[in-house]
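Chains as they are written, first to last, in our numbering: chain A, 49 to 354; chain B, 1081 to 1390; chain C, 330 to 698.
Because the hints were derived from the structure by calculation, they are not lab data.
Do not rely on the hints blindly, as some may be mistaken.
[Said to hold, decoys possible] Label-pair ranges, simulated between beta-carbon atoms:
1. C:Asn493 - B:Thr1296: 48 to 54 Å
2. C:Ser387 - A:Leu187: 32 to 38 Å
3. C:Asn493 - A:Leu178: 32 to 38 Å
4. C:Val659 - A:Lys263: 52 to 58 Å
5. C:Tyr391 - B:Pro1280: 28 to 34 Å
[Said to hold, decoys possible] Below, computed lysine-lysine pairings styled on DSBU-like, alpha-carbon distance capped at 30 Å:
6. C:Lys350 - B:Lys1194
7. C:Lys507 - C:Lys497
8. B:Lys1293 - C:Lys434
9. C:Lys424 - C:Lys337
10. C:Lys337 - C:Lys434
11. B:Lys1293 - C:Lys424
12. C:Lys350 - C:Lys337
13. B:Lys1194 - C:Lys399
14. B:Lys1293 - C:Lys507
15. C:Lys434 - B:Lys1194
16. C:Lys497 - B:Lys1293
17. B:Lys1137 - B:Lys1293
18. B:Lys1154 - B:Lys1137
19. A:Lys203 - B:Lys1137
20. B:Lys1380 - C:Lys424
21. C:Lys434 - C:Lys399
22. C:Lys424 - C:Lys434
23. C:Lys399 - C:Lys350
[As the list claims (entries may be wrong)] Which stretches of chain B does chain A cover? Using the computed rule of at least three CB atoms under 8 Å from a CB of chain A, they are:
24. 1126-1135
25. 1155-1164
26. 1291-1304
27. 1365-1379
The beta carbon of each residue, even a glycine, is placed where N, CA and C say it ideally should be.
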Amino acid sequence: MTTSASPTIPGRTAEPAPAEQTHEHRRFRLRRPSPWHLVLIPISFILLFPFYMMVVTSLQTEAQTRRFPPLLTPPTPQWSNYATALHAAPFVRFMVNSAVVALIIVVGNLVLCSIAGYAFARLRFAGRGLVFGLLMATLMVPFQVTMIPEFLIVKWLGVHVWDQLGIDHLGALVLPTLATAFGIFFLRQFFLTVPVELEEAARMDGTSRLGVLFKIVLPLSLPALSTVAAITFLDAWNSFLWPLIVINTESHMTLPLGLTTFQGSHDTHWELLMAGNVFSLVPMLLVFLIAQRYFVRSVAATGLKG
Amino acid sequence: MATATTAPPAAPGTGIFRRLSRSEHAVGWAFVSPAVLIIGIFGLLPILWSLLLSFQKSDLLTPQTPWVGLQNYKQIPGDATFRLAIEHTIIYTALFVPCTMLVGLVIAAALNRKVRGISIYRTAAYVTMAVSTINEALVFMWLFEPNFGVVNAGLNAVGLPQQQWLSDPNEALYVIVAMTVWGWTGFAVVIYLAALQGVPQDLQDAASIDGAKRFTIFRTITFPLLSPATLFLAVWLSINALQLFDEVYLTTRGGPLYSTTVVVYYLYDQAFQQFNAGYAAALAYVLFMVIIVITFIQFKVGNRFVHYNR
Amino acid sequence: MAEVEYRKITKRYPNGVMALKEFDLTAADGEFVVLVGPSGCGKSTALRLLAGLDRPSSGEIYIGGSPVTKHGPGERDIAMVFQNYALYPHMSVYKNLAYGLRQRKTPRAEIQRRVHEVSDILGIAELLDRRPAQLSGGQRQRVAMGRALVREPQAFLLDEPLSNLDAKLRGQVRAELKRLHQRLGITSIYVTHDQVEAMTLADRICVMNRGELQQVGTPQEVYEHPANVFVAGFIGSPAMNLVPATVTDGQVRVAGHPVARAPDGHTDVVVGLRPEDLVVQPDGRSGIPVTVDFHEPLGSHVLVHSVLGDASVPVVGEPAGIVVQAGADVRPAPGQRLALAAEPRHVYLFDASTGAALTRDGRAQVIAS
C-alpha cells in the first residue's frame, strides 16, 4: 500500500524564465573567498620571509644595512651591488663550474643508471642478486665514512692516471657520483613496471638488448628519468662538503663553495653578501620552479615507499 | 642453449645460469659494469678502506700509515671534545626532528584543501627544498645578526632583551636548529601532503557521520593513517640530523667555545685540519654504528604503531 | 517518527553546475525510497545533502520533523553506507562498528551488546577481530552495513552499496537488504544507477535526470505509467522502444500502421512500445511493418532486433529500431518482414517536443489500486 505523495510530473525541459537567469548570475558573483586564505597567507609569509630579506638587503647601501631596527624595504635600490659582488668574486665562473659539474653528473647518472637499472630489472646474469645487494648497502653508509678514502683515491687517480681526475680538478667533483645507487634503485623499480610483452615483441623483431632499452623502455620512462635528473641535479648543485674537501683553487670552485670564500672575504658587507646569495640562489630556484613536479614526485615516492 | 642433455650435474644455485648462453651473462655484466665500477671504487672500496684506516695512523699527506690496531678506538671514550660533540648532536637531533615534523604536518594539513590558488601556496612551502646550505646559512646569519638583524629588532619591539645568537655559546646551537628546520620544512611538507592526499575523503566523511568532530577525526583517523610517513620522516630526518655539518661549518666553525661542535664537524676537523685521518675514520665508523642502531630502534618501535594501508 | 523531507532543495556548485533544481521529496517513516538515474543526475548530491556532507544552495531538509539543514553530519542521527565502504583500515571490525557509538559516549556494555547483536544479524560475528584488509568484498560490505545499523539511526543512507560487488553476490546481498528492511523498518534512502535494484528494493522510486526529479511512484506505477520519455526509456529492461510517429486522419501511425487514436491538439508524437508487449502477428494479419536485423536467444525468450518499415513504405531519415521480446521458439531470419501489434493499453504516447506523457485512447492514467 503505497502512499502516493503527489507524483511530480515535470518532464519540462524548457529553459528557466529570464528573471531566474539573472538571479542566478547575481548569486554567482557574490561568492566569498575561502577563509583558509587567512591561514595560508601568514604561513607563506613566514616561510618566504628569509627570501624577502635577502633581496631587500641586497639592494641597500652599506650604511642602510647598518641601521637598527633594520629597514624592511630598500629606500634606494642599489642594483650596483650585484655588479660589485660579481666583480669581487668570480661568481659567473662559479656558476659555470656548478652547471658543468651538475650537467655531467646528471647525464652520467641517466646513462649509467639506466643501463645498470635495466640490467638488474630484466637481464639474468651470474651474481646479479649479490651485486645489487652490495650496491644498495652503500646507501646505508653515511658520507663521512667514505669521504676520507674517496679523497685519497681521487688524489691517487690524479697523480697516476690523469690529472683532470685529481684533486682540485673537474674529474674529482664529477667522478664519485657519476652513478649512484639511488639512481639504479629508482630506475630499476620503474623498469619493473614496464610490461615485459613490449620488450619481448621487440626482441622477436630482432632488436638487440641495448636497442630495446633505448627504443622501447626509455621513451616510456620519461617521468622516472626526469625525477632522477631533478634529484641528481639538486644534489650536485647544492653539494658542499665534497667540493670543500677536494677543491682549493678559487677558479675551480662550485657555487656553494665560491659563495663561502666570498663570505670569508666580505664578511661584514651584508649588502654584497646578500647580493651574492641571491645571485647564487636564482638558478636553482628557477630549475626548481620549472621542474617542481618532478622534485615533489621524487620526494613523495621515496617517502611513501617507506 | 643446447647443452641441456649432456651438461654435468649443475652446482646448486647455478642450474639456470648454466642453461643461459654465455653471451647473456656477458651482456648483463656489460650493462652494469660502468655503474658498478664507479660505485665500487667510490662507494664499496672506501667503506672497507675506511675500516682499515681506522686501525692506522694517517695524516693524508705522507704515504706511510703505520698500523696501530685498536688505539684509535681506545682513544675515543677519553676524548672530551668528542663527548661534547655527541652531546650537542643529540640535543640538536632531539630538537630538530620533532620540530620539523610538526611544522611540516601543520603546514601540509593547511595545504590539503581545494582553495583557489592553492598551488601557489604549495610552491611557497616546497621551495625551501631548493635552497643550498650556504644560502640558508648566510641568510639566517643576517636575520640573527646581533646588531642589525631582524630577529633582534623584533625582540626589541616587544620589549625583550636582545640576544647574541650565534655568538652566544648558549644560543648558537638553537639558531642552527631554527635554520635547519626552515631548510627542511619543504621536504616534510611534501611527504606529509602526499600522505594526507592518500587518506580517502570517504573515511573522514564516515567519521563525521559517526559523530566525530574535526579534531577527533584528525586524531583518530587521519593521523594514524599518516603513520608510515611519520616513521619515514623520523628515520630520514634523524639520519640527516646525526650527520649535521654544513651549517655548523658555515656559521660558527664549531664555536663559540665548541658549543656547536657536532660529531661530523669534529670528524672533519680531525681529518682535514688536525691531520688525524685514522682517528677520524674510527670516529666515522662509530657514527655509522650509532646511526644503524638508532634507525633500527626507530623501525622496531615504529612498526608497532604504524598502520600500513593494505 | 523518522520522516525525511527535502523541501525546495537546490544545489549549485562553485563552477556553476546546477546539480539539483527545486528538489522536493518526502519519505515516510519506514519507507524505502530509491533515487535512480544516470550518472550526473544529482542523486548522489541529494544523498550527500541529506547526510550533511554538503550544504544546499537553498531549501531545507527535515529529519523526523525537525529542520537539520544547519546541522553537521554527526548531529543528524543518520547513518550511511558508502560505495567503497569507507571502513577504517587501521581498526578491527569491532572497533569499526563501535566507533560511532564511542563518539556518542555510549557506555561500554551497551556498545558490546549492540555490536554483537548486529554482527549476529549480518553473519559477521567471527570477523570481529580482523582488519578490513583481511576481509573479502562481500564481508566488507556487511561490516559497512553493520556500522550503520549499530547506530540505530532515524534514517539509513545507502550510496550505491552494491556496485562494487560481482554479479552473483549482488543478487544475494540485494535479497538480504530486502529482508533486513522488512525486519527493521528503518527509513532508507538508497541511491543507484541500476534500475533493477531500484525496482526490486524500492517502496517508491524517484527517477532523476540532470538534477531534476522526473517521476516519483511505486515501481509498478513508474513501470506502467511513465510520466515522460525519460522515465519510459529508463525503467524496464530491455528498454522501451521509442519511435517517431505520424498523425494522419485522427490516427497515430507508426510506419504507416495505425496504433492509437490521436489525442486532441497534438500532431508531433512519440510512441512507446515495450518489447515484452509487442506480439509478432501471424502471417496475413496486419501490424507495424518491421524488417529483422538479428536476434538474441536467451533461453526463456528471444530478443528480435529489427528495423522499422519495409521497402514499400518510404521511411524518412534513419530507420528507427524496434526490439521485440518473443517466445523461445521464434527464430526469424535476417531480412524477414514481420508485422507487430500491441494491445491499446500498452501503447504509450508522448509529446515529441516536451517528452511528457499523453493520455491515450481516452483512458485516464490510473493510480495502481
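Evaluated hints:
1. C:Asn493 - B:Thr1296: 48 to 54 Å: At roughly 28 Å between Cβ atoms, B:Thr1296 and C:Asn493 fall outside 48 to 54 Å, so the hint is violated.
2. C:Ser387 - A:Leu187: 32 to 38 Å: Given a distance of about 59 Å, which is not inside 32 to 38 Å, the answer is violated.
3. C:Asn493 - A:Leu178: 32 to 38 Å: Given a distance of about 45 Å, which is not inside 32 to 38 Å, the answer is violated.
4. C:Val659 - A:Lys263: 52 to 58 Å: 57 Å, holds
5. C:Tyr391 - B:Pro1280: 28 to 34 Å: 30 Å, holds
6. C:Lys350 - B:Lys1194: The hint holds at about 25 Å.
7. C:Lys507 - C:Lys497: This hinted pair holds, its Cα atoms lying about 16 Å apart.
8. B:Lys1293 - C:Lys434: Holds: B:Lys1293 and C:Lys434 sit about 13 Å apart, inside 30 Å.
9. C:Lys424 - C:Lys337: Between C:Lys424 and C:Lys337 the Cα gap is close to 39 Å, so the pair fails against 30 Å, i.e. violated.
10. C:Lys337 - C:Lys434: 35 Å, violated
11. B:Lys1293 - C:Lys424: 18 Å, holds
12. C:Lys350 - C:Lys337: 8 Å, holds
13. B:Lys1194 - C:Lys399: OK: B:Lys1194 and C:Lys399 at ~22 Å, within 30 Å.
14. B:Lys1293 - C:Lys507: 33 Å, violated
15. C:Lys434 - B:Lys1194: 33 Å, violated
16. C:Lys497 - B:Lys1293: 39 Å, violated
17. B:Lys1137 - B:Lys1293: 64 Å, violated
18. B:Lys1154 - B:Lys1137: 13 Å, holds
19. A:Lys203 - B:Lys1137: 18 Å, holds
20. B:Lys1380 - C:Lys424: The hint holds at about 25 Å.
21. C:Lys434 - C:Lys399: Between C:Lys434 and C:Lys399 the Cα gap is close to 23 Å, so the pair holds against 30 Å.
22. C:Lys424 - C:Lys434: OK: C:Lys424 and C:Lys434 at ~14 Å, within 30 Å.
23. C:Lys399 - C:Lys350: 20 Å, holds
24. 1126-1135: Holds, because 5 residues of the region 1126-1135 of chain B bring their Cβ atoms closer than 8 Å to Cβ atoms of chain A.
25. 1155-1164: Since 0 is below three, the answer is violated.
26. 1291-1304: With 0 residues closer than 8 Å to chain A, the region 1291-1304 of chain B misses the three-residue bar; violated.
27. 1365-1379: Since 5 is at least three, the answer is holds.
In terms of the numbered hints stated before, the structure departs from hints 1, 2, 3, 9, 10, 14, 15, 16, 17, 25, 26, listed from lowest to highest.
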